[in-house]
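So the sequences go chain by chain: L and X. Using my numbering, the first residue of the first sequence is number 1, and each one after it goes up by one. Using my numbering, the first residue of the second sequence is number 495, and each one after it goes up by one.
Calculated directly from the structure, the hints in this document are not laboratory data. Every residue, glycine too, gets a C-beta built ideally from N, C-alpha and C. Misleading hints may appear alongside valid ones.
[What the hints assert, rightly or not] Heads up, simulated EDC-like pairs for lysine to aspartate or glutamate below, C-alpha to C-alpha not over 20 Å straight-line:
(1) K531/X - E137/L
(2) K531/X - E257/L
(3) K133/L - E538/X
(4) K531/X - E549/X
(5) K256/L - D268/L
(6) K531/X - E260/L
(7) K133/L - E543/X
(8) K531/X - E74/L
(9) K85/L - E503/X
(10) K531/X - D268/L
(11) K557/X - D539/X
(12) K207/L - E260/L
(13) K557/X - E543/X
(14) K133/L - D529/X
(15) K133/L - D539/X
(16) K256/L - E213/L
(17) K256/L - E538/X
(18) K256/L - E215/L
(19) K450/L - E468/L
[Stated by the list, open to error] Interface residues of chain L toward chain X, partial, derived using beta-carbon atoms under 7 Å:
(20) Q79
(21) L150
(22) S172
[Unchecked claim] Per the computed footprint, the stretches of chain X lying under chain L, defined by three or more beta-carbons under 8 Å from a beta-carbon of chain L, are:
(23) 521–535
(24) 541–548
(25) 552–562
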Amino acid sequence: MHANLIGLGALILVAGLLARLGRRFRLPTVPFFMLAGILLGPFTPGVTLFEHPADLDMLALLGLVLLLFHLGVEFPVEQVLGSGKRLFAAAGAYIAINIGAGLGLGFAMGWGTSEAFVIAGAVGISSSAIATKLLIELRRLANAETPVILGIIVIEDLFLALYLALLTPILSGANSAGELALRIAISFGYLALLFAVARWGARWIGKIIDSREDELLAILMVGLTVLVAGISAEVGVSDAIGALMIGLVVARTSVKERVERLVLPLRDVFAAVFFVAFGMSIDVGAIGSVVVPVLIAVGITVLTNVTAGLITARLFGLNQRGASNVGLTVLGRGEFSLILATLALAAGLDERIGPFVALYVLILAVLAPILAVNSRMLARFIPDRLLHDRWRYVREETISTACTHMDRIQITETDTDVCPPCVESGDTWVELRMCLTCGEVGCCSDSPNKHADEHFADTEHPIIRSLEHDDGWEYCFVDATLIREPAGSAQPSS
Amino acid sequence: MGKGVHIQELPGVGTRYDVALGGGGRRVSIVVSRDGKRHLYVFEDAGDEPDAVVELTEEQARKVGAVLAGTYFTD
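Extracted from the complex, chain L is given alone in its bound form (with noise of 0.2 Å):
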């Protein structure tokens, strides 16, 4: 038995500890066990720790697999199902603005039509681990734009499985139309298999892995897992997918959350060595090369996250906070393009695929945070026009927690021009109100008869809006505070 355990030990801990540094600046983590691996790979002189990388791939490949299983595990079916179209809607929209681009950049670049399609989902599919990591460590959670964010990463997550369905089959070689017609049904064919094993078969894969014991637990899932990658793989379709899939699978079983919490560590040790792993794939010699493109690209990908950031922000009602934060936020590239880059240069694909990726991933890692963290200076820049048409939820949404009775919001329109009890009395008033959980109207508070706040008092109904044209503002009873300012303050708030 002869294995370079020193190398191995050695490279793991200095991407252990590059990552470690990187992190002081809060920077992610991907990114610098890519750049260990390109360090000390045969390719960049100096200390070679691996003369073949070759050696490294049964546990790179391991990595790729847990890493996929992971995410499957822990794919928050229900909430995205529960979210609604108005969420599918703005991640369909990051998807297509992003994929759209990355796959004209492919063919303008010219390197072929499987590279171009490599190359879109390379940049069109950003890195759900950064994005999380941002909004956490950002302190941006309450934020009423992260829910968001956090459902449009996770339905590219989902994407990411129906693009390696597509990926696999172009990528394979398929020397006719036909051939490649029947190779990609076979690919969906066999995701749409695991998808009924997911729906009906779960409590059957519960079985087999099931255990009460940790140690036996963590040893089934794994064999279970690397198999059904294996046939997966065999099959036509990546290991990939077989792993996310079969991640899908045991996340409805009852045995979840141990799988979880067991797989974790795993995952997160050789994702590492898989990252490393690629890292080393590298020639540092021709990343000189592929530099316009990889600006040209960051370039490219800067612009279409900020415009699908506005798309989102028309479509929930955000404000110039809300759509540079989701803009910018998930600007992050990782694992997802390292993975894509892997199976592109496995087919044999053109070789400037791989320092392309990494060069792209490398410069995003860095500038992703830091425009993140100053979201707030391209707020300043957007228009309120783009915005304005929805401005009726522009505030409402970003403040909703300021004032928690939002809900009681059941009417917002009237053609009401006077205040009823008033005509009734004889008596004038200044402004009208309009209660929103009941339509009445009623006089303001600078009038003699004060009819909304007494209304407020009858009823306790919350939040009232000025009925004065131009004005509009709403205001919550309650908690005292304005939900929706005067039309015109449309600077963000600080």
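Dock chain X against chain L, hints included.
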């Protein structure tokens, strides 16, 4: 949940509970992560910059919660 507590699902992270503390937008938001961690956000006004953020493990959260709820005391 009782009146004045707003529940928001955070896909992939957990659940957020927004609790209003009377006027002026004062509120606390508690994010219960799926890994058991709690993030406690305190807002003194209606803006979206928290005045304090505390991260608690499940065990610490239980302790703080018990004290807040008045079920833990020594005497």
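How the hints compare with the structure:
no.	hint	result
1	K531/X - E137/L	14 Å, holds
2	K531/X - E257/L	15 Å, holds
3	K133/L - E538/X	25 Å, violated
4	K531/X - E549/X	7 Å, holds
5	K256/L - D268/L	18 Å, holds
6	K531/X - E260/L	15 Å, holds
7	K133/L - E543/X	18 Å, holds
8	K531/X - E74/L	16 Å, holds
9	K85/L - E503/X	16 Å, holds
10	K531/X - D268/L	19 Å, holds
11	K557/X - D539/X	27 Å, violated
12	K207/L - E260/L	17 Å, holds
13	K557/X - E543/X	27 Å, violated
14	K133/L - D529/X	14 Å, holds
15	K133/L - D539/X	25 Å, violated
16	K256/L - E213/L	14 Å, holds
17	K256/L - E538/X	39 Å, violated
18	K256/L - E215/L	15 Å, holds
19	K450/L - E468/L	16 Å, holds
20	Q79	4 Å, holds
21	L150	5 Å, holds
22	S172	32 Å, violated
23	521–535	holds (count 6)
24	541–548	holds (count 5)
25	552–562	violated (count 0)
Violation of the numbered hints given earlier is confined to hints 3, 11, 13, 15, 17, 22, 25; the remaining hints are satisfied by the structure.
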